[in-house]
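Heads up: the protein sequence lines correspond to chains A and B, in order. Mapping of the first sequence onto the numbering used here: residues 1 to 488, in sequence order. Mapping of the second sequence onto the numbering used here: residues 489 to 859, in sequence order.
FYI, nobody ran anything at the bench for these hints, they're computed from the structure. Please note: incorrect hints may appear among the correct ones.
Stated by the list, open to error - One side of the interface only, derived from the structure: several residues of chain B facing chain A at Cβ under 8 Å: (1) A556; (2) I685; (3) A727; (4) V767; (5) G848; (6) G858.
Using N, Cα and C, we set each Cβ at its ideal position, and we do this for glycine too.
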Amino acid sequence: MPVPPSLTPEILREFRSIVGERALLSAPDELRTYECDGLTNFRVIPGAVLLPASTEEVQGIARLCHRERIPFVARGAGTGLSGGALPVVNGIVISLARMNRILEVDLPNQRVVVEPGVINVDVTNRVAHAGYFYAPDPSSQTVCSIGGNVAENSGGAHCLKYGFTTTHVLALEVVLPDGTLVHLGKKTLDAPGYDLAGVFVGSEGTLGIATKITLRVVKRPECIQTLLAAFPSTNEAGAAVSGIIAAGMLPAAIEMMDNLAIQAAEAAVHPHYPDCGGLLLVELDGPEAEVRTLAAHLDEICRSHGAWEIRVAQTETERALFWKGRKAAFASVGRISPNYIVQDGVIPRTALPEILREIESLGAASGLRVANVFHAGDGNLHPLVMYDRRIAGQEQAAEALSLRILELCIEKGGSITGEHGVGEDKKYMLAKMFSEPDLDTMQRVRCAFDPLLLSNPTKIFPRPRMCGEQPGEYVPHPLETAGVAERF
Amino acid sequence: MDWLRDARVVEPANEDEVSAALRSADQDGLAVIPRGGGTKLDWGNPPSRADVILSTAKLHRVLEHAWADLTVTVEAGCTVADLQRTLAQHGQRLAIDVLWPERATIGGILSTNDSGALRLAYGSLRDLVIGITLVLADGTIARSGGKVVKNVAGYDLPKLATGAMGTLGVITQATFRLHPLPRNARTLTIAAGNPEIAQTLLLTMEAATLAHTALQVRFGANAEPQMDILLEGTEAGIASQEERVRELAGAAVVTEAAADVWKAREKVAESSAVAKISVLPSHIAKTIERQAKACPTAVVQATGIGWVALDAGLMDLRAQVESDGGSLVILRGRCTDAWGDPGDALPLMRAVKHQLDPKGTLNPGRFVGGI
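This is chain A alone, in the form it adopts within the complex (with noise of 0.2 Å):
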């Protein structure tokens, strides 16, 4: 691949000097692997790559992006579902792996400091020991980013009590798109001014790079009972998650999964899931006394709604077996259908019902399978859209019924995305849920942060706004040669 016009031999030495000749990668070969991400369906070789090891190295690579007016992309661990880390043309890919250093662990306030690169799971390793642990636990956590869960706000199973990816980051230190170095947030909180840390996390790398994020881990409570219970249907299984919130109960988790992801997740690691229309896992922690009421309320609770059988977990490697199945559930779906999409999308969880009726219906007109595993109290769905890609239009149809499935979610009020964010594959579909003076009100906010545009900026939007005011001589913006954006 030619170099792109922007990336001159001066301007890849200059790249050079700042990172150290070993951390750019402009060989084709090596590009190659930062060409997409968890979401392969877009592809874009970048110009180059480049991967700092240091606060000051981001921020010298920063300004001469801007200087150049070079657009960028910041990368975690490139596990993204959204296409967020997806490069974008003439431009460079700024990898945070390497800083993947644990800063600073302060126990008794339950703070910690990390870098970008440090895997999740590590944070909860690291302070395993003294019964803490980091609440935000995508079923990627083994692999993926700090600085990715902050970029996508992520979820996880567990984000129906302990909340989101933003309810834990304190403070974070970012390098904006012109280089300067600022502090969002404090390790105290409510540190006066605008909640700027609160607009950072989940902006999709739109606003710059966080080089250094402070953490809020929690204790690990006295007990925790996950059980499992099994339905006739997703309809039955329903009903039970609305008896167990009518109940005022908020289990740590509750999560469901249809015969199809049941099968699934048999075929490939074997939780040895009751084989039935729909599986309740229900996670209840909290003081050992009160969590043992709570059980056995949640016990009467599923059978009244049908359920018959109900596991709970006797030991910790029975609990993580019971966990393996859901954790493992996008990728075992590969073991009954060739290809498939992951969707991801969010509706008030009483539509439940309704939507998978709907969903099953479009599903049996397009003559394709859909597997679905939700995370149902918080009413977040990931239907697993199963097609061959060698079957002629099937691939189509997959992506038509996938993107439908969204538009159900919108009108029942719902959200395009719970955890997976917009990035790429969803920014028109942004433009069905909100109006156009609200995604207006979004960018001038954008505009503050980048008013140059450089930072990942063909994501999430589905028209960038380039901002009113630009310092010094015009010079075309590359979205706008290439009549992807239009200034305003």
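Based on these hints, arrange chain B on the given structure of chain A.
Okay, now just chain B, sitting in the frame of chain A:
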């Protein structure tokens, strides 16, 4: 509040009227002061200009309590107490204990980011608000977030508006996630001897596997600090936790207390000179002891957030708290700047303000760094 006297009051009856009122003021170069219940109008710096008071009094409806989904959408002018009464009909609550709930409104608590001791378990408003409608100075009506708890579509502007002191737009409605009302609740009070003992006990309780939902320490002039712990849940759960608290308290005397100890913060906040401090939980005793001679009345929560009533020396205390990495905001009392050091993100904050309210129409001068 002299600056209020000459201002004209407008009371829009719906979102479109809010938009029209703002647009016309913005065009005419008039400064607009949004007002809910008016309980915290003296917080922050006095505005540099005040031409129009935009009251949300007519926007007081609970629009949708989707109780089975544990969410509610409510207009900004609804008082917190009215909202809680509606929610209680289905055994639910907005899990936040704010100041003066009978008068404070949803828009007001969001804009001032008020929070009480329940924050320990349920988070602050930024963790509870899931959607917001903000009317900008130019009349733009902007929705963000949504009606579902889990949602990462678009920027999280509900958080931007929370605590912005009405300087970015007027909040007209908000959607919140809700929690069930606890089945039972019990408050225990521990006589904590002195600030050092209180500090040790606080860190001990926080490091234990208790599931208490609130913890505060009351400091008073020439009195021994009192630590309050709130236990909520099933009777069995509360009983076992009470036993655990008594064990952890060691020699300190533990008694059951009335629920009104949680109103102590309100009394402090009503003082003529009062500040909100935020320090690391492990710095609470040292912060209070520095002021020992002045014998401040204070309520400090397990999160490290506290309210301190102190006639003199607030600026000294700010310098000390800030050098320890914390912050001190003067809510009432003489001062040249209510906010203290906003840090190196101030230029970015100004840029955000400039993008959303370029003419400085909303609450000019009231926020950090003259915003």
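Consistency of the hints with the structure:
1. A556: At about 5 Å, which falls below the 8 Å cut-off, the nearest Cβ of chain A leaves the hint on A556 of chain B intact, so it holds.
2. I685: violated, 16 Å
3. A727: Hint on A727 of chain B: holds, closest Cβ of chain A at ~7 Å, below 8 Å.
4. V767: holds, 6 Å
5. G848: Violated, because the Cβ-Cβ distance from G848 of chain B to chain A comes to roughly 15 Å (cut-off 8 Å).
6. G858: For G858 of chain B, the interface hint is violated, since the closest Cβ of chain A sits about 12 Å away, which is over 8 Å.
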